[in-house]
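Visitor: Single-letter residue listing:
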Amino acid sequence: MTDIFTEVRNVSKRFSAKPDFAEKLAIKLGAASTPPVVHALDGVDLQVRRGEVVGLVGESGCGKSTLGRIIAGMLPPTEGEVYVEGAERSQLRGQAARHARLNTQIIFQDPMSSLNPRKRVVDIVGEAPVAHGLIRRGEKQAYVENLLQTVGLDPSMADRYPHQFSGGQRQRIGIARALAVKPEFLICDESIAALDISIQAQVINLFMDLRRQLDLTYLFISHDLSVVNHIADRVVIMYLGRIVEEGSADQIFDGPNHPYTAALLSEVPRIDRRHRTFQTIKGEIPSPMNPPPGCHFHPRCPFAFDRCRAERPALRTLADGRRSACHLNDLDQRPNFSVTEQARENSL
Amino acid sequence: MTMDATNSTETILEVSDLQTHFFTPAGVVKSVDGVSLTLKRGEILGLVGESGSGKSITGFSILGLVDPPGRNVGGSILFRGEELLGASEERLRSLRGNRIAMIFQDPMMTLNPVLSIKTHMIETVLAHESVSRSEALARSIDALRMVGISQPEKRIESYPHEFSGGMRQRVAIAIALLHKPDLIIADEPTTALDVTIQSQILSEMQKLCRELGLGLIWISHDLGVVAGLADRIAVMYAGRIVEQGTVDEVLDTPRHPYTAGLIGSAPAANSRGSRLTQIRGAAPHPLNRPEGCAFRTRCDYATDICRQEPPETRGSNTQSWRCFHPLATSNLETLP
Ligand SMILES: Nc1ncnc2c1ncn2[C@@H]1O[C@H](COP(=O)(O)OP(=O)(O)OP(=O)(O)O)[C@@H](O)[C@H]1O
Ligand SMILES: Nc1ncnc2c1ncn2[C@@H]1O[C@H](COP(=O)(O)OP(=O)(O)OP(=O)(O)O)[C@@H](O)[C@H]1O
Ligand code: SF4
Ligand code: SF4
Ligand SMILES: [Mg+2]
Ligand SMILES: [Mg+2]
Chain A
1 MTDIFTEVRN
11 VSKRFSAKPD
21 FAEKLAIKLG
31 AASTPPVVHA
41 LDGVDLQVRR
51 GEVVGLVGES
61 GCGKSTLGRI
71 IAGMLPPTEG
81 EVYVEGAERS
91 QLRGQAARHA
101 RLNTQIIFQD
111 PMSSLNPRKR
121 VVDIVGEAPV
131 AHGLIRRGEK
141 QAYVENLLQT
151 VGLDPSMADR
161 YPHQFSGGQR
171 QRIGIARALA
181 VKPEFLICDE
191 SIAALDISIQ
201 AQVINLFMDL
211 RRQLDLTYLF
221 ISHDLSVVNH
231 IADRVVIMYL
241 GRIVEEGSAD
251 QIFDGPNHPY
261 TAALLSEVPR
271 IDRRHRTFQT
281 IKGEIPSPMN
291 PPPGCHFHPR
301 CPFAFDRCRA
311 ERPALRTLAD
321 GRRSACHLND
331 LDQRPNFSVT
341 EQARENSL
Chain G
1 MTMDATNSTE
11 TILEVSDLQT
21 HFFTPAGVVK
31 SVDGVSLTLK
41 RGEILGLVGE
51 SGSGKSITGF
61 SILGLVDPPG
71 RNVGGSILFR
81 GEELLGASEE
91 RLRSLRGNRI
101 AMIFQDPMMT
111 LNPVLSIKTH
121 MIETVLAHES
131 VSRSEALARS
141 IDALRMVGIS
151 QPEKRIESYP
161 HEFSGGMRQR
171 VAIAIALLHK
181 PDLIIADEPT
191 TALDVTIQSQ
201 ILSEMQKLCR
211 ELGLGLIWIS
221 HDLGVVAGLA
231 DRIAVMYAGR
241 IVEQGTVDEV
251 LDTPRHPYTA
261 GLIGSAPAAN
271 SRGSRLTQIR
281 GAAPHPLNRP
291 EGCAFRTRCD
301 YATDICRQEP
311 PETRGSNTQS
321 WRCFHPLATS
331 NLETLP
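Which chain is which? The protein sequence lines are A and G, in order.
Take the first sequence: its position 171, counting from 1, is numbered 171 in full-length UniProt numbering, and each next residue is one higher.
Take the second sequence: its position 120, counting from 1, is numbered 120 in full-length UniProt numbering, and each next residue is one higher.
In case anyone wonders, no lab produced these hints; they're calculated from the structure.
Covered stretches of chain A (chain G as the covering partner; in silico rule of three or more C-beta atoms under 8 Å from a C-beta of chain G):
#: 1; region: 47–60
#: 2; region: 186–194
#: 3; region: 200–208
Derived contacts from chain G toward chain A, CB cut-off under 7 Å, selection only:
#: 4; residue: 164
#: 5; residue: 196
#: 6; residue: 202
#: 7; residue: 266
For clarity, every value in this text was computed on a predicted model and none was experimentally measured.
All C-beta atoms, glycine included, are put in the ideal place defined by N, C-alpha and C.
Whenever a hint applies, use it, and build me the whole structure from the sequences.
Guide: Below, the structure written as structure tokens:
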């Protein structure tokens, strides 16, 4: 049996947005029954095995951070369950709940809003390990300096405040803070996007070293497909609250099955693609407040047919072991767009 | 505004020997230490470089947004011929958001958490133009649609925390586009966007540059995006531009060892799962930069002269670099 570190089963998350004046009035008068709701996640199933790096990619606003926060226990799902090391997260109490909370750490997307501006770095990074008894108070300064060095910051910066750092430097403070409590599972939410490429390389190497040394497991949320391609074992593609494709990095990058995956791969910026004419999105970008019926991608999909507009495609395991949610897989003759993409690449 | 009175080769921005320093209790941080660059109408300059090298502070300096203990200590910033260094706060405020816009690295610097997106946008329009609220609203909704926010008429009512990170970035971009400025400084504005939406925004930016002659400084770490978008690239290290040239020159024949190191550490230049090539050593502490060439402690080509004095800018009229021992133009082994 594979050792599953964490699993989400049929997780949905809905946020109710603020109704505007007209809607409030309509609700009051009984003309509308509910305030608008954002469907951030819609029936997501995902397993992360111990020691594996799972790359999570998807449109902006499709629910990646929400999924990360739910897995980390920072946000309750509206429906569905989250399991951590075999136990359902919401049932954990006391010591076990505390262990689960520390054991999974998120490195946030937005370093500015996740670092307390009134605290020095030494406290931002060192407080939690002291509070949880991982180190003694007297060891804090040295412990933090050591961590700063690990993430490539000068240890003498420990006494500075967050605003005195550049964007990339702040991002590394976030990484140091997460590592400080010795987690086994790291959720990296766009953690390296703000870093220059040579420091990105340094941090990716750091993540890979930590994985080997400490047997860490990662959920790596990123828009940078070349980074995901480099480090992920498995790749999960999301679109508007749903997983649309999931497979090994080779499967996804060498032959996408889902049209959204194919659209992503065809737009990947590359250093040898110069002076491009960038493409506008064809079709309409759907809203999570009012997701289209059937396949969420159909308003943008060049292959959409009638069934796509009516019926939600199930995420099914295909012959090669990957999962994909697309009705094209039921057709006898599916359009071979990976070939089309290749041709497009070559013509560039 | 005065779009018709301009021709396409007008230089809209000319920065010379810009110096912005921070006077901290621990010492003087020379965040920007002699930066020179020019931008013509319709031109896109990709500004890349080390994290902490002064890219954002260069942008803040151009907008007159450097806060104490930071201060401009030298140089010149000509915007359409007008000196901005030392210009009155009133003049700068009337240019900011109107003729010059900045899209900040962190969208929460543009967005006030207690105000709705609608309030932000309408106030921005009304700050510089006397139009009706309903016209301001219509324009705001259009700008949101342009950056790919669906149902903008509804979502404009939202507050910043109700948007995902990437959506906040797009709102910040939409706000910058409201007045169709002459110059936009965009600080990593698409790092949190998926590549299809990124392409959507880049295509809008390209259109503005081509059709309205907007000048764009695109600060980014993503060499792939810069390769596809920009006309020229400037590479910063430790407060200085160490290399500058056309996209093809800089990416195909980097002359500065730091530029070559950057290109070589991109994942695409390395095989999957392998350790990435990284530039050895760490960026110097800003209070304690090496004498001479600031890169010398990490450079494989350093010699005695690199320790004695900082290299001056030299090169051809399109490509220039600050290095005593530039790489040969045939030195291609670092490229993917
Ligand atoms: N607290 C909240 N209240 C209302 N809506 C929310 C809230 N948090 C997130 N949302 C909405 O849920 C959806 C998913 O957001 P999420 O932050 O998970 O997206 P994401 O995939 O991480 O996007 P990005 O790549 O842009 O960071 C978005 O439409 C967002 O506007
Ligand atoms: N308020 C401040 N006090 C002291 N030093 C500062 C302050 N603000 C910025 N700095 C320093 O100025 C330098 C340049 O910062 P800047 O934000 O311009 O870097 P950057 O090139 O934009 O980096 P990044 O790519 O990480 O965003 C950094 O070394 C930073 O630590
Ligand atoms: S189910 Fe239909 S609309 Fe959805 S991705 Fe497949 S072909 Fe396109
Ligand atoms: S001047 Fe010397 S140390 Fe600096 S980059 Fe050139 S060779 Fe290296
Ligand atoms: Mg997110
Ligand atoms: Mg910056």
